[in-house]
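Starting from two chains that each stand alone, build the complex the way the hints lay out.
Going down the list, the sequences are from chains A and B.
Using the numbering used here, the first residue of the first sequence is number 23, and each one after it goes up by one.
Using the numbering used here, the first residue of the second sequence is number 36, and each one after it goes up by one.
It is worth saying that the hints were derived from the structure and are not from the lab.
A hint or two may mislead.
[As the list claims (entries may be wrong)] Chain B stretches covered by chain A per the calculated footprint, using a threshold of three residues with CB under 8 angstroms from any CB of chain A:
{"id": "1", "segment": "101 to 107"}
{"id": "2", "segment": "112 to 120"}
{"id": "3", "segment": "200 to 212"}
Don't be surprised by glycine CBs; every beta carbon is placed ideally from N, CA and C.
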Amino acid sequence: MDKVMTMKEAVSSFVHGGDTLFISGAQHGEPSAAIHEIIRQRIDHLTLVCALVTTSSLLIGEGAIDKMITGYSQQNDKRSYTIAKAKATNKLPVYEEYSHFGISLGLLAGQMGIPFMPTKCLLGSDMLKYNENIKSMECPFTGDKVGIVRAIVPDVGIIHVQRADAEGNAQKWGSLGVDQEGINASRTVVVTTEKIVDSDIIRRDPNRTIIPGFRVSAVVEQPWGAHPMHLAGYYNGDMFGLMTELREKDGYEAYMEKLVYGVSDWNEYLSGRKAIKGEDYFNNLLIQEPLMSEPVISGY
Amino acid sequence: MTQDKKDAGYSATDQMIVSAARQIKDNEVVYVGVGLPMLATMLAKNFHAPNCTVVIQNGTVRKSLFPLPAGTDTLGVQTMSDLLTSLFYVNCLGQAGYINTGFLGAGQVDRYGNINDTVVGDYRNPVHRWPGSGGANDVMSICKQTIIIVRQSKRRFPEKVDFITCPGYLDGKPGQREEIGLIPNTGPRAVITNLGIYVFEDREVVLKSIHSGVGVTIDQVKAEVGWDIRVASDFGDTEPPTEEELRIFREKVDPEQTWAGGRRLLAREEED
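This is chain B alone, in the form it adopts within the complex (with noise of 0.2 angstroms):
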């Protein structure tokens, strides 16, 4: 895995939630699952998109700041939100087409950008098991756009789930997604994690930027998907956090770096 390039004053999952934060525009209305996506939303909300509004899964619309939430829904989430609903509200907000971005974890992505949260090996009798789906198939579904943040490795990114909870582009043929039944032009768009960021051409997963500025080499990139990925036409190095962004990171986001190493206690994203 990468290695943190000392030198270099931050780390890969410092690399990988600035990149992710810096999908966010101000004054959009993006759906955030907890943990890393989480952390990035609000570094972007500290920081370059002060405006945004964050709709929560349990109910929460706001605008305003909250505390780091440690789990999906807390009281500091709650506190002087701008609406406080149920998760169908939120979702009908999704579905009927007021959602720019969903923002998500995932157990494992796959060459056409199907995320597998369910299980490895037979449904019914798993290699693997994840919790399921959650929110993540209403995001994936409904949301103009989907930014997947997870941390790689060969594992994780194989070339074809076993198991579809969230479709993704399917088996990559063009319109696959409006075939059967899905809304036009939703799906994922990106895919940032500690050692690149993927974007998608022709419905394909491809290697838009590496993390050069922490080490990591296309071959180590390489090494941990689990086919032979294309390189985008307008491949390069990945653009390093700024000093500012590091600091509102580390001072403003996340000052007890309770999620830093993204090894929050029980979290999703460290389970393997």
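One chain only, chain A, in its complex shape (with noise of 0.2 angstroms):
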């Protein structure tokens, strides 16, 4: 079945207002396209999972967000202007915290079918205290003391890879952060890829596949999908450059007129960006000197 269409369509029909939406990539490759893309459709009242708020510190900025579970807040309102505008509009995420290895145990948990995952971390941390999905228990076979933490099930998760075919076989190589986890943890799962692929190459290198298509709702072909994050085999990031820009009030609120409301698409986007940052902004982004791996070689 293919299913592929518009980012504007994938974000309309999948993520709603109040849903717990799943971010995926903790620096590598964000889906920075469809977080644009959520925000110009004024979805809100979302509570956020992710490992590390940066892209999506626009979601936060712009009030779409009131709950944060998550184990780094990245900024603070002394050093970018999205936290002081969530302040001043009374928008501030309530956060719920984890430490990253307990987003990750939660995913995982939720990936799982099961209610918790002990560990040996947070244990003897404050975050016991404010955050009732962590726990300690008995552990039934030694009597000893574990952490637990509670599934975690996202309603929706977005993730950008580098490829994917049109039925959602999607392809993600480099660091995955709490991606694997994250992503099929979710219920409804939207992918948004660099490029769409013919099925035999997913095929011919099914290893690499993330999560199989029948466990995705929508497909969306955006090159330049994470910028201004970097992606393994794509493209450099330019993460101080956005952070410097969201610093103060004027770079954040021309940022979101110019970039984010005053474009219809992450193409105008993009053309906006070079229009500002220069003819040659994207091209030094792109990967200098490409590596190539042996070919995996399939087949009987």
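So, in structure tokens, the structure goes:
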């Protein structure tokens, strides 16, 4: 089944106000284009699940997030206008805080379809006082204390990948952060991809598939879809460029006006970005010395 | 704060990074946070510990050299790794006992080595908010030993932190880590700052050495600690950086001086 659609269609069909939304990436290959589209469609009251908050901080600034389930809020109001604005508009999200491993374990339990995961992390931390979804218990086998993290099951997850086929078989490589468990824990899955490829390309290297097509609801082809984050095999990032831009009110509001609300889609964003940053901006981010791996051989 | 001694030929920050780097032994497995811990690790890797394996939280495991990363994850960090995997996998390595040393920055460190990376004041209405644990709680919970590297001030060294993000030795009584279920024989082993080196005696932070080569005095250290700190039985001067260590640091690790002053734009270490 062909699930290819535009970003506008994918977001309006599968991301709804009030949803618990998993955003993949953890700095590497975040679905930035999808995040812009969610803001443009003014979808709000979201609960955001993520490991790191970089491009998703735009959602916070625009007041779209009621609650953050994360291990690292990344920015405070002295360093980013997104938090300052959310505070000023009384829309600062409530934090539900974990360690990185804690988030990963919650999502893994979600992926596994079990209620919680035990761990030797988080014990003795004050995070347990404020997060009712982390507790400790006695191990039924040894009697030792273990930490437990409740399963996290996002309503919808968005992942940006290097390649996918029209059915949604999606392949991502490079560092994976919490992508594997996060996207597989999500009930509904939206895949955005640099490139839609023939299914045979996927099937000649199926170990690379992070989620199979039958779990995916929408496939959106979007080159540079993770910019300004980096994506293995495609481009370097400009994360500090974005963070610097969003640090003060003027920069933040200009960004939102010119590059989010003032454009109709990500391709217009890319043109707008180039007009501001200069003709060579994207070329300079391309990988200068690509390395090719040995082909993986399959067949019988 | 520290006045860098011009005639020393190196700064207090240089001393901090060199002293931290010396904590890493060749052939060991090190779980490294971004910023100062990464700088120290890169110096070790370029100098006395070329065979250490570096583990980075986003899912990178590697032995070969790589360019100093500005963030947690960059294509430079990923490229030519031994293993690219997930955050889950690298933490499993630690939880199952395969990571010797963790290397962390910190918002605050208290008398018993507890780290606060979360809030100063009330949790729901804080005076100051840091970004939170990230991987820090995991590192301090699972690595066999954890080294903390932090720029020192009285505010960063309270007697008791308002919020324990990463448990050190809690209130200092014996066996507390084990009692609450943490893995036995884990926890903080040293705190390295721009003023001195601290170790743990009976689970309490004590002053091991001061960076006297850049003019640090014991009074100056005491003024930047929030309790009446004890001095270690074998207290002395910090061993200054060698010319070779300084040369490698400046030429190979951070030639563009992006981190040397700890002033990387938007870095956690720069936050107050």
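Going through the hints against the structure:
1. 101 to 107: Holds: 3 residues of the segment 101 to 107 of chain B have a Cβ under 8 angstroms from chain A.
2. 112 to 120: holds (count 6)
3. 200 to 212: With 6 residues closer than 8 angstroms to chain A, the segment 200 to 212 of chain B meets the three-residue bar; holds.
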